[in-house]
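Novice: All chains, full assembly: derive it from the sequences and hints.
Each chain, written out:
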Amino acid sequence: MSSKPKIKELLVESACEHNKDKKKSCNAPTPGATTGGCALDGAQIALFPFADAAHLIHGPMSCIGGAWETRLTPTSWAGRDLTQTGFATDITNNDVVFGGERKLAAAIDHIVSNYAPEAVFVYSTCVPALTGDDIDAVCKHRTEKHGIPCVPVHAPGFVGAKNLGSRIAGEAVLQHLIGTKEPEYTTPFDINLIGEHNNTGELWRYRHLLEELGIRVLSTFSGDGRIAEIRTAHRARLNVIVCAKSLVSMTRKMQERYGIPWISCSFYGMTDTSAGLLAIAEALGDADLIERTRALIAREEARLKQQLIPYREVFAGKKAVLNTGGNKAWSIASALQDLGIEVVATSVRKSTEEDKAKARQYLGEKAILMTNPATQQAKVIDETGAHLLLAGGRSLYTAIKKRIAFTDVNQEKKKSYGGYDGLLVLAEDLKNSLQNPVFELVDRKAPWQK
Amino acid sequence: MAEVKRKSGKPLQVNPHKLSQPMGATMAFLGVDRCMPLMHGAQGCASFAKVMFTRHFCEPVALQTTAVNDVIAVLDGGDYSIVESIKNIHDKVAPELIGLHTTGLTETKGDDIRGIAGKIDVPLVYVNTPDFKGGLESGWTLTTQALIDQLTEPGDRIDAQKMVLVPHVSLLPIEVEKLREVIESFGFTVVAVPDLSSSLDNHLGEKQASLSSGGVTVAELRQLADAAFVVTVGGSVKPVGATLQAKNPAIRHRHFNHVSGLEGTDALVAWLLEVSGRDAPPAAVERWRKRLQDAMLDSHFSIGQTRFLLAAEPDHLAAMAASLREVGGKVTLAIATVDSPILAEIDADQVIVGDLEDAENMSESYDLIIGNYHTESLAHRVGKKAVMRGIPNYEEVGSALKNDVLYEGSAYFLFEIANAAEKMREARVHHAREQIKRQGSA
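One line per chain: the protein sequences are A and B, in this order. As numbered in this note's numbering, residues 3 to 452 make up the first sequence, in order. As numbered in this note's numbering, residues 764 to 1205 make up the second sequence, in order.
Read the hints as simulated data drawn from the structure, not as lab findings. Just so we're clear, the structure is a prediction, and the values are computed from it rather than from any experiment. The beta-carbon is built from N, C-alpha and C at its ideal position, and this holds for glycine as well. You may find that some hints are simply not true.
Here are some chain A residues pointing at chain B (derived, C-beta under 10 Å) [what the hints assert, rightly or not]:
1. Cys40
2. Gly67
3. Thr87
4. Phe89
5. Asp92
6. Gly101
7. Arg104
8. Ala108
9. Cys128
10. Ala131
11. Thr182
12. Glu184
13. Pro185
14. Gly328
15. Leu371
16. Leu443
Specialist: Next up, the structure:
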C-alpha cells in the first residue's frame, strides 16, 4: 500500500474550528503573488529537529541548497547532530531520464554506513514525484536491509504550502514510527510535546519546570527529539500541541487510535507560560499535581516580576505595533503585555480564524487587527503614536521613516524569547532597541539635502 | 597544475556547497534594474532561493513564483500559471522586466516557455534553468546570455569608448563597482551585465523588494551592441562574449579568467593601457599596485606557511588560488561545486568536484579553510579555522562589500587571510602552552 497521505483528507481537518465546509488549503498559492515555503519546506521544518535521524532530500539542489544548517534547533543528542548535516541525492539529468531509485537506495546505504542514524527520513520532491520514483519501495527495502526505519515523506512542493508539509510530516511519523516500540516504563504524567521544535532552545526554557513537577516528556515532535522516544509516543497520557495548529490532524488521529487527549498551549511570555503549565496539570487531572503547579507558577512569576522591575520603568507608557504571522500575532503580544507594553496593533494576515479571535481577545476592542500590514503599518504608527515596531526585516524601512525603534521578530532570530526566562531576553532586546539612537539617526538629511 | 577529479563517485551530496541553476538565474535577474525575477516552479523553489539571498545579502530580495501546484503540474503547460503570475505582478507593481526562469519541476513536465513568452506582451526575458543540470555559475551565464540575446538590438556601429563588462557570479557587488571604476579611469564608459553593484550592495532604499532596485537598465541592455569591447571575467561567462558579438560582429572580446592578485590585475591593466593608448595608468592604480606589492611581502610569511582548503564556485576558486599562490600559500585542496573547464587551470595541489563531506574526510591536508557559511561548522568539527567567502554567508554582515579583486582588493584579501592564519596558529600555541601549564601543576 502506498504511504502517500491523501492530501484532500489532510486539508479537511475536522478538529479545526473554521474548517466546517472548506475543501481547500488554508493558503492556496496565487501565481505571481505568493510568498512562503512549500510542503517540502514545511515537512523539513517539522522533522529536521530529530538530530539522531538523517534527513535525505531526494531532489535537486534547489530543494536543499540554501536550506540545510539553517534551523536553529539545538539538540542534547550526544552523537553527530544530523539536523545540521545536509543530505541530498542531487538529481541530475540521468536520474530524470532513467529514474532515481537506484541512486536513492545507494544514498541511504552511504548514510547508514557513515553516520549510523536511528532512522532515515526520505523526502520526496517535485521532480521524482513527476518521474514516478517508487520511494515507498526503496524505503521498505532499505528498512528491512538496515534494520532501522527508513521513512518516506511525500511532500513534493507542488502539493501545497508549508502548513500542509508539516501535516504530511506528522502523517509519516504517525504511520511509520509511533507505536512501533514500547517505553521501558510509563508514568501517570507522561506527555508528548507536539509541534515544539526547540527553536533557539525554547523547549529548554520550560522543560525543567515540567520535570520539577514530575511531568515526564515521553517524546517530542520534534524539538530535541529522539526517534526511540517518538516510537513510544502512543503510551502518553496527554498530547500537548505547542504553537502549531498544523498538527491537530496528528493529535486527533492519536486520540482516535490510542485514546490520547490533546490540548494546545503557548509558552511565550509569563501569562501564557503559566497558563500552559496549569493547563497541562489540569488535563492530567491530578489534584496534587495541580496544587504543586500553582505553587511553582507563583514562585516563578514572583521571581520574574522582581527581575522585570527595572525594565517596566523603561517600558511604561510605550506602545508597540506587531507585524508577524500566525499564532505569533497573539503569543508575542501577550509577552509584550507582560512587560507593560501596550500592543496597539497586530497583523492577522497569515493567521487562522482562531488566531484572529485570540488576537482580539488579548489586545482588546480598541486595538487594530491589520489584514494588510505592508500598506497599513505606516499609517497605524502615525495614528497610534507607537514607539516600537516588531516585524520582519523588510519592515525596517517603515520604522526608520517613522523614526521609531525596530525589533526583528523573524524566525531566524538567534535567541529564544520563550518561557519565563525568555521574557527577560525579550525585555533586554526591546530595551536596547528603544534606547538605540540609530533609528532616529540613520534617515537624517544628508548635508546636500534641503 | 593539479590533477582534477571531476566526478565524486558518490550517490549523494553530503553537506553540499553546490547551489542550483535557477538560483544563479535569480541572481542575474536581480542585477537588472526594476526587474521582477519570476521562478517557474512550485512556490518552494522561489522561497528557498529568496530566503537564502535575503539572509545572505541582509536585504529584502525581489523574487516571485508561478506557484505550480499539483493540478497545474499535470494539466497546465505553463500557459495558465505564467500568464496569471504576470497579471498578478502587474496588479501590484510595474516592472521594467519580468525575468522568467524555469526549474526542474517545470522542465520535467516540459513547459514551452519560449512559446508562452511569444504570446505575452509585457517586457519579458525567459531562460531554461532546470536544477538537475549545472549550478549557480551556469544559471547566471545562461541568464546573461538570454538578456542579451532577447533584448539587445543588433547594430553595426561602434562607440570606441564603450565597454560591456560581464562579471562571473561570485564577484561581489563592490567588486563589480571597483572593476568598473578602474576601467572607467582609463577613459572608457562601462556597462556591467548583470550589475549587482547598485542593486544588492547593501544600500538603504525605499520600497525595497517590491522590485530589484538598481542594476543595469533595460534601456542599457537594448543598447549594448555599440560597445567597442566586451570584457568577460571568469571562465563561466566566457561564452557571453560570443553572444554579444552575434549582435554586432565588430565588437571585440577580451577574456580574463580572473582579476585577482598582482599578475591577474597586471594582465587587465596591461590590456587597458593597450586599448586606451595610454602610457601610464591613473595615479590611484599605480599607487594601489605599490600597496599590493607591499601587502604581498607583509603577508607572505604567514600565508607562505599555511595550507589551504578552498571550497567555492569554480571561477571563485581560480581567483582565490591565484592570489594565495603568489605569496606562497599552499593551496593543497580546492573543492569545486560543479565541474568546469577552468578547474584544469586552478593553481592547487588537488582539485575535486565535491562536497563538504569530502572536505571533512581530507582534513589532514589543510590548516585554514576559505569557503561559505557551511565551512564554519566544518572547521569546528575538524579543529581548524574558516574565513567566510561565497554564498551563502549567514554568519557575517557586510559580505556584499568585501573586495578581493584588483590591486586594492587583493591587498585587503591577503591581509585578512594572513591575519586569520596567524590568529589560528596563536590559538594553537596558546592551547599547547595551557596544557603544559596544567600538566606542570598536576
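Novice: Indicate, hint by hint, whether the structure satisfies it.
Specialist: Hints, one by one, checked against the model:
1. Interface hint status for Cys40/A: upheld, as the beta-carbon distance to the closest one in chain B is roughly 3 Å, under 10 Å.
2. Among the interface hints, the one on Gly67/A holds; its C-beta lies about 5 Å from the nearest C-beta in chain B, closer than the 10 Å criterion.
3. At a threshold of 10 Å, the smallest CB-CB gap from Thr87/A to chain B is about 6 Å, leaving the interface hint in force.
4. Evaluation of the Phe89/A hint against chain B yields a held restraint, the C-beta minimum of about 6 Å falling below 10 Å.
5. Because the beta carbon of Asp92/A sits about 5 Å from the nearest beta carbon in chain B, less than 10 Å, this interface hint is met.
6. Restraint check, Gly101/A versus chain B: the minimum CB separation of about 12 Å is more than 10 Å; hint violated.
7. The closest approach between the C-beta of Arg104/A and any C-beta of chain B is roughly 8 Å, which is under the 10 Å cut-off, so the hint is satisfied.
8. Interface hint status for Ala108/A: upheld, as the beta-carbon distance to the closest one in chain B is roughly 4 Å, under 10 Å.
9. Hint status for Cys128/A relative to chain B: holds, with the closest Cβ pair at about 4 Å, below 10 Å.
10. Evaluation of the Ala131/A hint against chain B yields a held restraint, the C-beta minimum of about 8 Å falling below 10 Å.
11. Annotation: interface hint on Thr182/A violated; nearest CB of chain B at approximately 26 Å, more than 10 Å.
12. Taken as an interface hint, Glu184/A does not check out: its beta carbon lies about 34 Å from the nearest beta carbon of chain B, beyond 10 Å.
13. Hint on Pro185/A is violated. Least Cβ distance to chain B is approximately 33 Å, over the 10 Å limit.
14. The criterion of a C-beta within 10 Å of any C-beta in chain B is not met by Gly328/A, whose closest approach is roughly 16 Å, and the hint is violated.
15. Proximity of Leu371/A to chain B is violated relative to the hint, the smallest CB-CB distance being about 22 Å (cut-off 10 Å).
16. For Leu443/A, the suggested interface contact is broken, since its CB lies about 12 Å from the closest CB of chain B, more than 10 Å.
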